[in-house]
Amino acid sequence: QKEVEQNSGPLSVPEGAIASLNCTYSDRGSQSFFWYRQYSGKSPELIMFIYSNGDKEDGRFTAQLNKASQYVSLLIRDSQPSDSATYLCAVKKLSGTYKYIFGTGTRLKVLA
Amino acid sequence: KAGVTQTPRYLIKTRGQQVTLSCSPISGHRSVSWYQQTPGQGLQFLFEYFSETQRNKGNFPGRFSGRQFSNSRSEMNVSTLELGDSALYLCASSLGLAGLSGTDTQYFGPGTRLTVL
Numbered sequence: 017q018k019e020v021e022q023n024s025g026p027l028s029v030p031e032g033a034i035a036s037l038n039c040t041y042s043d044r045g046s047q048s049f050f051w052y053r054q055y056s057g058k059s060p061e062l063i064m065f066i067y068s069n070g071d072k073e074d075g076r077f078t079a080q081l082n083k084a085s086q087y088v089s090l091l092i093r094d095s096q097p098s099d100s101a102t103y104l105c106a107v108k109k110l111s112g113t114y115k116y117i118f119g120t121g122t123r124l125k126v127l128a
Numbered sequence: 487k488a489g490v491t492q493t494p495r496y497l498i499k500t501r502g503q504q505v506t507l508s509c510s511p512i513s514g515h516r517s518v519s520w521y522q523q524t525p526g527q528g529l530q531f532l533f534e535y536f537s538e539t540q541r542n543k544g545n546f547p548g549r550f551s552g553r554q555f556s557n558s559r560s561e562m563n564v565s566t567l568e569l570g571d572s573a574l575y576l577c578a579s580s581l582g583l584a585g586l587s588g589t590d591t592q593y594f595g596p597g598t599r600l601t602v603l
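If you read the sequences in order, they're chains A and B. With this note's numbering, letter number 103 in the first sequence gets 119, and the count goes up by one each step, no holes. With this note's numbering, letter number 49 in the second sequence gets 535, and the count goes up by one each step, no holes.
Calculated directly from the structure, the hints in this document are not laboratory data. Backbone N, C-alpha and C fix where the C-beta goes; we use that ideal spot for every residue, glycine too. Don't take each hint at face value.
[What the hints assert, rightly or not] To give an idea of the interface, some chain B residues facing chain A are shown, with a C-beta separation under 7 Å as derived from the structure: (1) Pro525; (2) Leu529; (3) Asn542; (4) Phe546; (5) Pro547; (6) Leu567; (7) Gly570; (8) Thr591.
Let the hints inform the model, and build the full structure from the sequences given.
Structure follows, in structure tokens:
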């Protein structure tokens, strides 16, 4: 079992719809959770992070964390073609000091 | 505030050669992590340096090494290159704070695309 799992996709949604991206993690000691967006041929850029159970909103993006279910998700409202990218989930866990574990990413396609 | 910079952006090497990649973190960031990204494996953690000390290490062979200087700049070296080392090498910097702190977020540089022929 991978430490951080994401569906590779592609997830296709029509323009204007809500895109829902999911991530599960195996280590209950995980502390913080991050969502990155990566365009083809580019480096990952941070969208947002969350470390408390519940929802956190930032513009069109909402991160949801459920530590009991070891589940974190990212909702993108009013999806735009420019949101088409790979979305990486990262988990920060305590391991000696701490380390970041990345999922393999979900490819999102927003159809115009 | 300037972002993370990496040099060179592109490299072409042949098998058996060695290569050194450089990373300058965001000003004030003391932690530098290195990742290898390939289409099949995703982002794989190589190692992390904090205050000139290697604090964490991933599961890569000893051919992969790194160091960090007093100004937090970091270099990564790969010796005896193999075809499978062809990848995008990403550097990420952060404050390096342990514990529950969402403020300690990693920011990535543009990467170095290494091609081994």
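Hints, verified against the model:
no.: 1; hint: Pro525; in the structure: violated, 10 Å
no.: 2; hint: Leu529; in the structure: holds, 4 Å
no.: 3; hint: Asn542; in the structure: holds, 5 Å
no.: 4; hint: Phe546; in the structure: violated, 14 Å
no.: 5; hint: Pro547; in the structure: violated, 19 Å
no.: 6; hint: Leu567; in the structure: violated, 22 Å
no.: 7; hint: Gly570; in the structure: violated, 18 Å
no.: 8; hint: Thr591; in the structure: holds, 6 Å
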